[in-house]
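K.L.:
Spelled out from the first residue to the last, the chains are:
Number of protein chains: 2
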Amino acid sequence: MQAHELTAIAPQHPPALADLRVDGPRLWDSLMQLAKIGGTPKGGVCRLALTELDREGRDLFVAWAKEIGCTIRVDAIGNIFARRAGLRDDLPPVMTGSHIDTQPTGGKFDGNYGVLAGLEVLRTLAAANVYTDAPLEVVVWTNEEGSRFVPVMMGSGVFSGAFTLEHALAQRDREGIAVSDALAAIGYNGAEMVAPHAVGAYFEAHIEQGPVLEANETTIGVVQGALGQRWYDVTVHGMEAHAGPTPMELRRDALLVAADLIHAVNRIALDHAPHGHGTVGWVDVHPNSRNVIPGRVTLTVDLRAADDASLSAMDAALRDACAQAGAKKSMTIDVEQVVYFAPQPFEPSMVAAVRQGADALGLSSMDVISGAGHDAVYVARVAPAAMIFVPCKDGISHNEIEDARADHLEAGCNVLLQAMLRAAQAVEGAAS
Amino acid sequence: MQAHELTAIAPQHPPALADLRVDGPRLWDSLMQLAKIGGTPKGGVCRLALTELDREGRDLFVAWAKEIGCTIRVDAIGNIFARRAGLRDDLPPVMTGSHIDTQPTGGKFDGNYGVLAGLEVLRTLAAANVYTDAPLEVVVWTNEEGSRFVPVMMGSGVFSGAFTLEHALAQRDREGIAVSDALAAIGYNGAEMVAPHAVGAYFEAHIEQGPVLEANETTIGVVQGALGQRWYDVTVHGMEAHAGPTPMELRRDALLVAADLIHAVNRIALDHAPHGHGTVGWVDVHPNSRNVIPGRVTLTVDLRAADDASLSAMDAALRDACAQAGAKKSMTIDVEQVVYFAPQPFEPSMVAAVRQGADALGLSSMDVISGAGHDAVYVARVAPAAMIFVPCKDGISHNEIEDARADHLEAGCNVLLQAMLRAAQAVEGAAS
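Quick note, the sequences are listed as chains A and B, same order. With the first letter of the first sequence counted as 1, position 253 gets the number 253 in the numbering used here; the numbers rise by one all the way through. With the first letter of the second sequence counted as 1, position 289 gets the number 1289 in the numbering used here; the numbers rise by one all the way through.
Hints listed in this document are in silico derivations from the structure and should not be mistaken for laboratory results. Take the hints with a grain of salt, since some may be wrong.
With a straight-line Cα cutoff of 20 angstroms, these simulated SDA-like cross-link-like pairs (lysine to any residue) come out [claimed, not checked]:
(1) Lys1329(B) x Asn266(A)
(2) Lys329(A) x Arg1252(B)
(3) Lys328(A) x Lys1328(B)
(4) Lys1393(B) x Arg252(A)
(5) Lys1328(B) x Arg267(A)
(6) Lys393(A) x Arg1252(B)
(7) Lys393(A) x Gly1295(B)
(8) Lys328(A) x Asn1266(B)
(9) Lys1393(B) x Lys328(A)
(10) Lys329(A) x Ala1215(B)
Label pairs and their computed distance ranges (CB to CB) [unchecked claim]:
(11) Leu1060(B) x Gln324(A): 50 to 58 angstroms
(12) Pro1104(B) x Gly176(A): 28 to 36 angstroms
(13) Ala309(A) x Arg1405(B): 53 to 61 angstroms
(14) Asp403(A) x Arg1172(B): 56 to 64 angstroms
(15) Gln1324(B) x Pro348(A): 44 to 52 angstroms
(16) Thr164(A) x Glu1249(B): 37 to 45 angstroms
(17) Arg267(A) x Thr1105(B): 36 to 44 angstroms
(18) Asp320(A) x Glu1056(B): 54 to 62 angstroms
Example chain A residues on the side facing chain B (calculated, C-beta under 7 angstroms, incomplete) [stated by the list, open to error]:
(19) Pro211
(20) Met248
(21) Gly281
(22) Ser289
(23) Thr300
Glycine included, every Cβ here is placed at the ideal spot set by N, Cα and C.
With the hints as constraints, model all of the structure from the sequences given.
P.N.:
Right, dumping it as structure tokens:
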């Protein structure tokens, strides 16, 4: 709970602004225009972080933001802050945003929606001559996807202190190009030191990237927080041998034990319903030859849960399953945790602002939890934050066929507008 | 059952020859000398079929065979037949042999032992001035391993009519070089048409390439035949989705179903003990990403059994398991059989000759079945055939650390000597 929260969240909403609405077609047109930069023949977008295409996308956003009078700041990791002045610029800004870098076979909406929904909110306020007490900022976070440079969520990670600026700048892509050089090459290596400047509130609108809203025919996902994650590399050490001459009883088949573990991961997740997730997504079989009994299998395990107690219990269950499976077949199983993200609940008053916005607009909504990481999850470490999900077709994302309905995108943007107005204490026509 | 069998197998063994023994150290020295050609730093051998190193190995064998008076014929697929004349050259030859090509990371004994054990038998007979009624032949089959050119067991396959000479000659390696050109390049493209010239009997000595003899502390494996094999490609079609936002109950995880199938293959094999074998050796997960639920998994299945009824029952059980697993999770599972080798029992009188040889020598022996393919399995289609297995260390083969004991190799060679003498009706000092 941050000290500046109480000043940022207005207890009451100016009734005169309750009818304010974003321009859905304008939002859609902007999404389609941005999607042309790096657009693929299949209708997706390939706009990797800190490439020339990323620069073009950033330039377009900056031009649009300047058109409505925003000032632009770029920090040392390339995050862009487009600021609309408030009546009281001593207040911490109410911020929204997301990212415009994409996966290699990404879609038009992941990230881009959050940025352009924020822009649309500012355009709407500008057109309606509405000013807020607190300044408003739309931020474009650098390299959320991590497709070209790891770690993922790089810009928001530096901003929130998850890792250092120096660490991020030193990362290199597969061709050996450093983040620092790539930033300079596209002209987005801001001089400003990255510092988590006080943020009154942070909202992020995003497509759900999952099937829950669609399955429930619900327009707005009121995001409670993000699942914690533990990722592992698990290696089963058996003994490779010829499939023909080796009797079943003398085998030490690492894949057979790996199959036990795949089932165990699934069972562990089901034991921690509804928020427990367990996935084996990657498998490497050695020597991976049709007629050779696998001697070594490495697999990844991805466990997620809504709270740390559950995540720890799942961790213990995984280690127990590995120990039992190894002991049963006299095999060594190495379990190495390679990633840990703590569960991140969002600020209850912020979550309430999203829900109230949906209710006020007469939109169907439901509480959801984000299974994936988002910039908001990092920002929530240093500011009161919340997210607004809208459905995407078949829950598909990170895919060129990623799709979302214009009316859903507009609805989510209206919720964002209402939530930001509430947080920033808007006053109609209070300044010119 | 071949018509010439009864003339080739002598009902009684000349007692005077029962004490004849091979020269174990000479056999070992020859193995070590041949292993230098293509020898690797780790003590293995890399001598791929129809390479310059293969030519060197062939030349060494041919020189050794000529030293003891053999005549050499090379057929059109490059098989080398080194023939020691019999007293009655109208009789079909008693043949032995194997191959000298190796895997890329092969050992000193696989194949090479069978060839040099045959040579040692002929050297022993030459030194002892023993002649046989039937001529004797030691054959070097071309490209048994299939590492450079497929199909495997190419020379014996053409000889036995498993596929045509034209088919074999037209095969190309990864660099596009045809078998016909590779044969010509090393000078082993014989003019003689390949024809399964009548073979009175065929014995092949080989390291077991499995752990059974060693586990049973037994010196001689009396090989009853070879398991039949059915190989499959099985593909599970699920739906890829993000591991984070996709709840467990909405997943269509292809790897989870693949794990069911890995277990099913193991169970099917155990249900057909002792000779049923079932192996999943190769797995391909799509997209194989740590935080993506697998949308498609392809795996290979290798089923083996001693008789066709069992193999058919295992085939039905596999298809049933796939149908059930698919139906349970509403996924499509494709099952395609890609290879079929019929079970190949060896000729009982030939098998008996091996067992009697071991018994006469006071060697421990046990009935075994070959789980893998060998040249003898093809030759058995056109001639009475049998195999003699000797232990190899830890059952390991197709590996540079492949190892075998000199006393075991000598013992197996003595069994081969006795069996060949029995089949060829040897007469001590009958000719000069």
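K.L.:
The structure should be examined with respect to each hint, and the outcome stated for every one.
P.N.:
Here's how the hints hold up against the structure:
Distance hint between Lys1329(B) and Asn266(A) is fulfilled; the C-alpha atoms sit about 14 angstroms from each other, no more than 20 angstroms. For the given pair, Lys329(A) sits about 29 angstroms from Arg1252(B) by alpha-carbon distance, which is inconsistent with the 20 angstroms threshold. Annotation: proposed proximity of Lys328(A) to Lys1328(B) is violated, straight-line Cα distance about 28 angstroms (limit 20 angstroms). With a C-alpha separation of about 16 angstroms, the suggested pairing of Lys1393(B) with Arg252(A) holds against the 20 angstroms cut-off.
Between Lys1328(B) and Arg267(A) the CA atoms are separated by roughly 16 angstroms; this keeps the pair inside 20 angstroms, and the hint holds. Between Lys393(A) and Arg1252(B) the alpha-carbon distance is near 17 angstroms, which keeps this suggested pair within the 20 angstroms criterion. Of the pairs offered as hints, the one joining Lys393(A) and Gly1295(B) holds, with about 17 angstroms between alpha carbons and a cut-off of 20 angstroms not exceeded. In summary, the hint linking Lys328(A) to Asn1266(B) is supported, as the alpha carbons are separated by about 15 angstroms, within the 20 angstroms threshold.
For the given pair, Lys1393(B) sits about 25 angstroms from Lys328(A) by alpha-carbon distance, which is inconsistent with the 20 angstroms threshold. For the suggested pair Lys329(A) and Ala1215(B), the alpha carbons sit about 18 angstroms apart, so the restraint of at most 20 angstroms is met. The given range of 50 to 58 angstroms is respected by Leu1060(B) and Gln324(A), whose C-beta atoms sit roughly 54 angstroms from each other. Between Pro1104(B) and Gly176(A) the Cβ separation comes to about 32 angstroms, which falls inside the hinted range of 28 to 36 angstroms.
Evaluation of the 53 to 61 angstroms hint for Ala309(A) and Arg1405(B) yields a pass: the beta carbon distance comes to about 58 angstroms. The given range of 56 to 64 angstroms is broken by Asp403(A) and Arg1172(B), whose C-beta atoms sit roughly 46 angstroms from each other. A beta carbon spacing of about 47 angstroms between Gln1324(B) and Pro348(A) agrees with the range 44 to 52 angstroms that was offered as a hint. Evaluation of the 37 to 45 angstroms hint for Thr164(A) and Glu1249(B) yields a pass: the beta carbon distance comes to about 40 angstroms.
Distance hint check for Arg267(A) and Thr1105(B): the Cβ-Cβ separation is about 39 angstroms, which falls inside the suggested range of 36 to 44 angstroms. Between Asp320(A) and Glu1056(B) the C-beta distance comes to about 56 angstroms, which sits within the given range of 54 to 62 angstroms. Annotation: interface hint on Pro211(A) holds; nearest CB of chain B at approximately 5 angstroms, less than 7 angstroms. The beta carbon of Met248(A) comes within 5 angstroms of a beta carbon in chain B, closer than 7 angstroms, and the hint placing it at the interface holds.
The beta carbon of Gly281(A) comes within 5 angstroms of a beta carbon in chain B, closer than 7 angstroms, and the hint placing it at the interface holds. At about 5 angstroms, the closest approach between the beta carbon of Ser289(A) and any beta carbon in chain B falls short of 7 angstroms, and the interface hint on this residue holds. Taking 7 angstroms as the C-beta cut-off, the interface hint given for Thr300(A) holds, the closest approach to chain B being about 4 angstroms.
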